[in-house]
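Protein chains in written order, with our numbering: chain A, 1 to 433; chain B, 434 to 579; chain C, 580 to 982.
Please keep in mind that the hints were generated in silico from the structure rather than gathered at the bench.
A quick note: this is a predicted structure, and the numbers were derived from the prediction, not measured.
A few of these clues could be false.
[To be verified] Taking lysine to aspartate or glutamate pairs in the EDC-like style, the calculated list, with each CA pair at most 20 Å apart, reads:
(1) A:Lys82 / B:Glu446
(2) C:Lys603 / A:Asp392
(3) C:Lys976 / A:Glu174
Chain residues, written in single-letter form:
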Amino acid sequence: MAIPIIQLENLNLYYDKGKPSEVWALKNINIEINKGEYVAFFGPSGCGKTTLLYTISGIDISKVTDGKILINGRDLRQFSQKELAIFRQMGIGIIFQQFNLIPSLSVLDNVALPMAFLGVSLDRRKEEAANLLARLNLTPYAGRYPSELSGGQQQRVGIARALANNPPIIVADEPLGNLDSENANKVLEFLKELNEKDGRTVIMVTHEAWSLRDAKRIFYIKDGEIVKIEEPKGKTETAKSITSHVMEELYPDITSKELIAKSLSHLFLRGYSNDEIKRFEFFLVQRFNDKLDKDTFRAVLDRPYKHGGLGLWKQKAAKIAEMTEELIERRKDIDRIHKELELNLEVPLYEEIRKLSGWLLEEFSGKITDIQKIKLEEIVSERLRKIISSEDFLKVLRLPKNEFGLGLSLRVSQRMSDKLDSILGDSEPALMQ
Amino acid sequence: MQKPKILLVDDNEVFQILFRDIFWLHGIDQKFDLQVTDRIEKAELIIRDQATRPDIIFMGLVLPMEKDGKIIITPEAGFKLLDEIKGNSEWEKIKVIIFSSYNDKNYIKKAKDMGAYMYLVKEKNLPQDLVQLLDSLYAEQTTSVA
Amino acid sequence: MDTESHHLSFLDILRLSLRIFKTKLARTLLTILGMSVGIGTVLFLISLGYGLQYILIGKLVTTEDSLITLEASYPAESSLNIPKNKIDDISKMPGVVEISPEAEYSGEAKNGGLTGLVVVKAVNSNYFRLSGTTPDIGTVFQEEEPGAVVSNQAAKLLNFNPDATSLDKKISLILTPEDNSASSSQITINEPLSIKGIINDDNQAPYMFIPMSIVPVQPTFFKSVLAKAKDINTVSSVKDELIGQGFVISAKIDLVNQAQKVMNIITTILGVFGIAALIVSAIGMFNTMIVGFLERIYEVGVMKSLGATNSDVKRLFLMESFVMGFLGGAGGIAIGIGGGQLMNLILSVVSVRLGGKPLTLFITPIWFVIMTLVSSSLIGIISGFWPARRAAYLSPKEAFVRK
């Protein structure tokens, strides 16, 4: 019986050890992962799953205070800086939630980059990178820059890059969080392929239960500890049942209503920050417990975040409110709601902003710089979250470039603003400062 | 059954780590026994001893060699070792693969003429290429009678 | 063994560093431009300094030999002349390779009916070479071809035009020696001498040079003697020796040294400005590098998580700043030399229009160009040190975990 490819023994990690802000992030972790397994680290944000992942990847092991990180029997903690760099080059391929592509390099160069660190010649790199892009169906985009690609495409570039030096271990840190339904499923399929076809060991870190469907073993993590290891028995178990399982383990004192709220909040608010999701959970539970009536709940969804609400735009708020009512009035049961949300994943915020920005730019026939694009996405985001009003949006569109606006003409700005308003549908001015 | 042996002769520390790590990461250390040295003189000793004699040798060309009391770094070293191996009836069966940083047509021709099994240029080879090569070498090694 | 392999190669680092022209074009160009203008200005000024020095010394040192030649004479107040045997002694001195004595007479020069009084200096033909006296019009006389080299005042005195039309015209001479001997015996030059050359000299009384060989009575006392030293290092020992013998020495080399001292002071001042300019551009470069670094913390983290080593990242930043420094220097050289050449062109056109020779006022020595390039590149590299070190020590994780 071969030794496990990854073995963690009594691993302990502290942030700011010795200082008042000390955090015991990983507590006596013991894990064994075998070669060719597909496992997941699942838990709420801040539980330490990401820290665990980066420790295995050799990215941040300086804060480990005791224990061993054994990869095929060798302890990373004994490695010199040089050896660790080589391990990161060849041993692990990382896929990030934020894609983390280098914006000033073309797609092909991004995929080729890990090979450059090994000193491989330019033509060999380009050849291999082209092969990888072909495998991920990205060949037409080889010469483009990351900013020109959609979220799903960028993530696939990230996967291609992770494969560059043929690592036996693939590590994915919330890879689907910024992807819409179609792309999320594509990426999930790719990860499965990497595991089943290539025989690579895959570790996925996630807080969205529906993404666990291909994992053979799930490690549930809470507060830096592994509370449970589960092997789901195939397709019969839905994400919902996994989730409830999990929640019961993670939060033994939880009521069933809170359980439902927790499982739904992530699905409703994909791509939102942890604070926003927590707040939503709170209000949802309040609504379930009838502490908030229908209209007040709706108002909360609309109210800007700064003023204690969630600042959701009209359609989103309406959809959430509708589904909530369906649950409360028992028109649909929780399983059904879950299924609907999983089959048609909510477009994550990031992707929503990109799509809207792209759609608005159809009004403008000229050339737009990267900075302008970023600025536009910024103000669309603020508009969606009701941080700025329709007038403010228009103002920034017209503001000259050297004053950090977009410098667009009145006609174009008006058209774009009107277009956005038609989508968002609210005419109430946002409450500022 | 004893595992076939591979000897790496290279004086670049980083490359030694890289080569070793490929064995470690991809489980090739289950297939081959790997030994690493940085000098042709030491390599000679390893080959001489039947207990440690490798079946396959990967070596660079430009290596340190002792000449006239001084240590110089020259492709002569690699060719000298290659010559010794191929010139010895007991050792000539060892597969010698030149794995060098130099993409020099003359070196390549000379090495092949002297009986090198392959000539690989370092910068043209990715880890996956090496893994593939080692896998096929293993298949050859285990199907043929030693 | 090559340490280059299995790291980010030099070429790749260069290619990666050239992205600064793509992503931050304005900022990069401005930084380089700032350095170029600073360096260019200094280069321009120093070229001016060099040009002036060149012209000045060129005027002083007309022949090669005149630099290592001394003129020895007895102090004017003493009214002493140098006897022949003394001249011979001087010629035998170990450091002296050649001499040219000068005997002075009062002369009555005649051109047709016109007579004028001129100072006549009888010399050998090597006098001109050793003293660096060159006629502005015409040439000097040779041993085989006797003639006279007159000052323009002398020419005018005798009603000759002080220009080329007077060459080969004849002058008759009667000489009166100026020595202490009581005899005021006059010496008549039998053959009239033709004018070979004219020297423009309005600062002295009319004079003329004639070959010593045509004076029927060879002089036994001399006004002064030129002594050429073996080489430039022997000059001062010969000078000291002669001073010890009571002579008064005038040497071109002293003038040159003084001129050079002045020029050096000017050049040093310009150099100070130069350093100030370099410091200012270095500050600009530091700023660019620091700002660039802060923006790239994310990118460094990503690269490190992909396997870039600390030294890879360090070299990336150093290469970027080196490229900027090098280009700043190259741009400065282009501006400085270009500006100088342009001025040379303009001045030459103007001076030729006014009847003079083309003027080269701006000269840039090659070693200075190389030094500029090297220092600008060094400044580039140095300004990259801080971000390179900081980047090298960033842990991959802290760099890219962003809010």
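A quick look at each hint next to the structure:
no. : hint                : result
1   : A:Lys82 / B:Glu446  : 10 Å, holds
2   : C:Lys603 / A:Asp392 : 29 Å, violated
3   : C:Lys976 / A:Glu174 : 16 Å, holds
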